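Novice: Chains as they are written, first to last, in our numbering: chain A, 1 to 858; chain B, 1 to 183.
Derived from the structure by calculation, the hints contain no laboratory data.
Quick caveat, the model's predicted, so the values are computed rather than measured.
Some hints here could point you the wrong way.
[To be verified] If you want the footprint, here are the derived chain A segments under chain B, 3+ residues with CB under 8 Å:
#	segment
1	162 to 168
2	344 to 355
[Claimed, not checked] Some chain A residues flagged as far from chain B (calculated, every beta-carbon gap over 10 Å):
#	residue
3	Asp-267
4	Pro-719
5	Glu-721
6	Asn-739
7	Gly-779
8	Leu-813
[As the list claims (entries may be wrong)] In silico SDA-like links for lysine to any residue, alpha-carbon gap of 25 Å or less:
#	chain 1	residue 1	chain 2	residue 2
9	B	Lys-40	A	Ala-752
10	B	Lys-116	A	Thr-43
11	B	Lys-116	A	Asp-46
12	B	Lys-40	A	Val-360
13	B	Lys-40	B	Arg-19
14	B	Lys-116	A	Asn-168
Glycine residues also receive a C-beta, built at the ideal position from the N, C-alpha and C atoms.
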Amino acid sequence: MNQPQPPEKPLLDQIEQAVQQQQLTGQATIDRLNHLRPLPPRTFQDQLEARLLRQYQPQEETMQAVQPVYPLRRINLIGVAALVAVLLLGILFINRPRSQVAWMPIAQEATATPTPMLAESIDVQVPVSLQGIMSPLARIEGGLFQMGTNPAEVVSAVSECQTEWNANCELNWGEDSVPQHPVRISPFDIETHEVSYRQYLAFLNWLGPNRHLDGCLGQSCILIDPDELASDVQFENGRYQIDDAFLNFPVVGVTWYGAQAYCEAIDRRLPTEAEWEHAARTGENFFYPWGNVFDASLARTSRPLEANMDLIGAREIESYPPNAFGLYDMAGNVAEWVWDWYRATEYIERSRQAETDDPVGPLSGDEKVVRGGSWDSLPFFARSVHRQMRPPDAPANWIGFRCVQGKPINASVTNHTSAQAVQLPADRVAVSLPLSDTTRIVAEEVIVVGDRVDVYGADGAIERLAEQAQVVAIEPFFIDGDTQGTVTPVPRTLITLAVLPLEATRLTIALEAGQSLAFVKVIPDQQNLSPVVMTSRNIIWGTSAAQAIQAFVTVYLPADQIPADAVRSVDAIEDQYLTRSLNAWELVQSADFRDESYPSGLIPNGMGATEIPLSRIANDISDLQPWTPVQIQLTVFLAENYLTIRLPAVRILRNGKSIGGATEPFVSFVLPQTEMILFSRLIAEGAEEFSLLTVTPLDDAAEEPSGLDTFGNVVEFAPGEEGSCGQVAAGPSIDFWGNPMSEGPVTTGFSANHPGIDFEGPEGNVVRATSLGKVLFAGYSSWGYGNVVALSHGPFISLYAHLGSILVQCGELVQAGDPVGTLGSTGNSSGPHLHFEIRLDGLPLDPLLFLPQLAEPE
Amino acid sequence: MTDERHQIEAAQRSPAAFRQLYRDYLPQVYAYVAYRIGSKWDTEDVVSDIWLKVIGGISRFRYQGEGSFRAWLFRIAYHSVTDYFRQQRSAAELGLEDVPELHSTDLPPDEALSRKEEFLRLREHILALSPRRQEILTLKFYGGLRNIDIAAILQLDERTVASHLCRAIEDLQQCYRHEAEQS
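With the sequences and hints as input, model every part of the structure.
Specialist: Dropping the structure here:
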């Protein structure tokens, strides 16, 4: 194969030169670094040496190439079982029978014939300048295939990664690609090559000068020089250009929007994740497009090191042979954006259905899926099943893309709601599901522990879909009229019911004591159910161990229209840092939305409000250390079309008192009209009931809050100092942290020796309150901070130091963005700057955690 | 077979060879950890921990070419330091008596002391860098790693490593310049 002189080299040389230049000028610093080199003390060195030699165990056999054998033979079965169990922890309750079969052969319906498509067959809407250079397409026949992988394969891949490549691959990197689940896709045509610079530059030039900044679905298309992470693309003389040597290299540095916009311009789109995976695997069940053993001659990854360490960047397209479908670089070279939003639990969700047709991923999210691995990653990432993710607006020098022509994606695709497992508490209790005429109910995995499950429905309402009930056993189950269907006891039963058109009615499933009903799904036929995904800010709690975390979904809606079930369910609650299972969270939906105790003045525009607490109780989190950052993601399915919600509020509780928390700024969503009303009340096993908490006031709607925070704390700052306001009722809990300076870079970051951050700016500039808060301190400090203002926000304090003048008074309630003073240089200050701190329970935290719009100081 | 490869494969079979490997690499591991952690006592704990992991894992190590052992060793070191910070959140004030020895111990006492003060100052400046740059700088100068190995450990692009390194050195220079201007 042609291997031209790699053009990455000049770039690398440039960088090395820059480093060398830097080193010349920085020589004194480098000398210092080299000079001040700590040495291990002799005694320590000797003691450790003795200890090590006592433990020394020579290698038993001579090194031999251990060829990893896939998938299972080499693996200790007990180990696998244990690891599999670990992997399965997150997918508890799932018992789709097929997923127990390792590497089921894929249905052989799928075949592909590369059918290069010529320019004349192209839609006339495609810009002329792009027509001639579009990549050829290969036809991929649709069909059923097993998407994703199974825990055993992940274990085996991780083990290969560790033994073969000495890399620290971890099992949880593969968690999101299990379980394997059947997916049916429609036929489509996929580009045989990753999109090249030649193609992408033609697109950019078609867009026009400077449109790379906003020309792709309103977003940035690509990073070009001189952006950070210097791209090889230049914009000169009104044209986007690149060194000719790069033209046949895959384009990188494109945003997801830039990728999709290119595809749209040529009447194509990005492949869905399922399409991509199917095209990569070519109807086989291999880990890599060619087989189960990684072969460095077939794909560009970062391994083996010897062969790849001198080069960075992708190889020219067609440097490696194509897969069986005629597609190049489906493993490695550059990773590829695909259509879908990323959700770690996506496969788990899908595996609850018998089969998923043309999946397009969640309706919203923070990150898009990236597939295929790259020159920058281990072979592990180049496995056809591996999933990576990246925010759509965060391009990378290892991500490119290719397009497909296929079934149009309807962006408002239906999703389903799902409820948490239901364990009925004591006596026989009915779970009632009000239905409308277009609802299907899927009660999956009704785990019958007691005598029987009764299902009631109106005339003709319920019909069994026997073909979907591929389960351990299911007894005849049919309801005719108002008669009663009965399921005789079986350990696990999957029941799928279709509710035929009928007047809105109510399905009642009666369960005996001790019975439980897991994963009731209600699937509306209308495509109008919009989940809303929100992610909390990072929250960090204080010095004491937390006993509970509660996330609150606050819903505002017209007071006279509050439906009984405004929030249908809350799904996919994830804690990104702790990676705890979402099932550990329980939804306790409050029953009465019209609680009169709401301070009506705090609710905007005649809206009612409710908070729906989700709780995670002490024993779940008692092992978490103080200062652990937590981020919680909620996907909320809302019922009605006029909801305005503010999400999520998260509070860390100890002894019922808030010791930390955060909410996002107010967000509004308008949801499509639907007539669906779904769940009534479900109570999860072991959950305590939570009463309705008071609504935290909205910043802009707040009249005069009581001055107490929600939990009635009293705070004091620097008692005895002249500027101290004495004991003050704590300000309201935090809603939102803003920037204390409208401009001015952060010049000094947070560190052990500098408990805040410094903003530089001209003297006299306005310093603003970062959040709604109560003045705790306003005056000259005796400890070197000069003029200081401190504001109380629930458990937090924000502090503004070295002010030239102070514009607030003790006890005053300051709105976010209000001036608290002017920038100055009072106290121990070497020049005009603002020293800004955020403290929680008296301990300073890095404000950049709270002010994410600020960059780290350079 | 390179010398390095020979040495490492020998160390997998013979305790004497392992001892030599240990003696060759210990100073760099120690210097790296000392800069990251600061206190002599904690440094010794973490360094011991790292070498115990090395001895537990060396028989499974596969030589992958020049520098691969160092990269593997410092990947262990990097994760051990990260674990340390995860458990140890409060940054303790560092006194001169906590500072590790620098260079040879036979310096006159006053010179040794001024060295230590210099070390504290340098470390303070390093701590003022962003965490990422601290990691890169210490891996580079004390671990003696190549950029590509640092990139692999930190899961970064090599160019990013190079640019961070430039900026880190620049920042340190600025600190010293600033210091010189003030005094």
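Novice: If a hint holds in the structure, say so; if it does not, say that too.
Specialist: Hints versus structure:
With 6 residues carrying a beta carbon less than 8 Å from a beta carbon of chain B, the segment 162 to 168 of chain A meets the three-residue requirement, and the given coverage holds. Counting residues of the segment 344 to 355 of chain A whose beta carbon lies closer than 8 Å to any beta carbon of chain B gives 0, which falls short of the minimum of three for the stated coverage. Once the 10 Å rule is applied to beta carbons, Asp-267 (chain A) is consistent with being away from chain B; the minimum gap is 34 Å. The Cβ of Pro-719 (chain A) sits about 24 Å from the closest Cβ of chain B, beyond the 10 Å cut-off, so the non-interface label holds.
With a minimum CB-CB distance of about 24 Å to chain B, Glu-721 (chain A) clears the 10 Å threshold, and the non-interface call stands. No Cβ of chain B comes within 10 Å of the Cβ of Asn-739 (chain A); the nearest lies about 19 Å off, and the non-interface call holds. Distance check on Gly-779 (chain A): its Cβ is at least 29 Å (rounded) from any Cβ of chain B, clearing the 10 Å threshold; non-interface status holds. Chain B leaves Leu-813 (chain A) outside its interface by the beta-carbon criterion, the shortest separation being 33 Å against a cut-off of 10 Å.
Annotation: proposed proximity of Lys-40 (chain B) to Ala-752 (chain A) holds, straight-line Cα distance about 18 Å (limit 25 Å). A hinted pair counts as satisfied when its Cα atoms are at most 25 Å apart, and Lys-116 (chain B) with Thr-43 (chain A) qualifies at roughly 20 Å. Distance hint between Lys-116 (chain B) and Asp-46 (chain A) is fulfilled; the C-alpha atoms sit about 23 Å from each other, no more than 25 Å. In summary, the hint linking Lys-40 (chain B) to Val-360 (chain A) is not supported, as the alpha carbons are separated by about 55 Å, beyond the 25 Å threshold.
Under the criterion of a C-alpha separation no larger than 25 Å, the hint pairing Lys-40 (chain B) with Arg-19 (chain B) is consistent with the structure, at around 23 Å. Between the alpha carbons of Lys-116 (chain B) and Asn-168 (chain A) the distance comes to roughly 36 Å, so the proposed pair goes past 25 Å and is violated.
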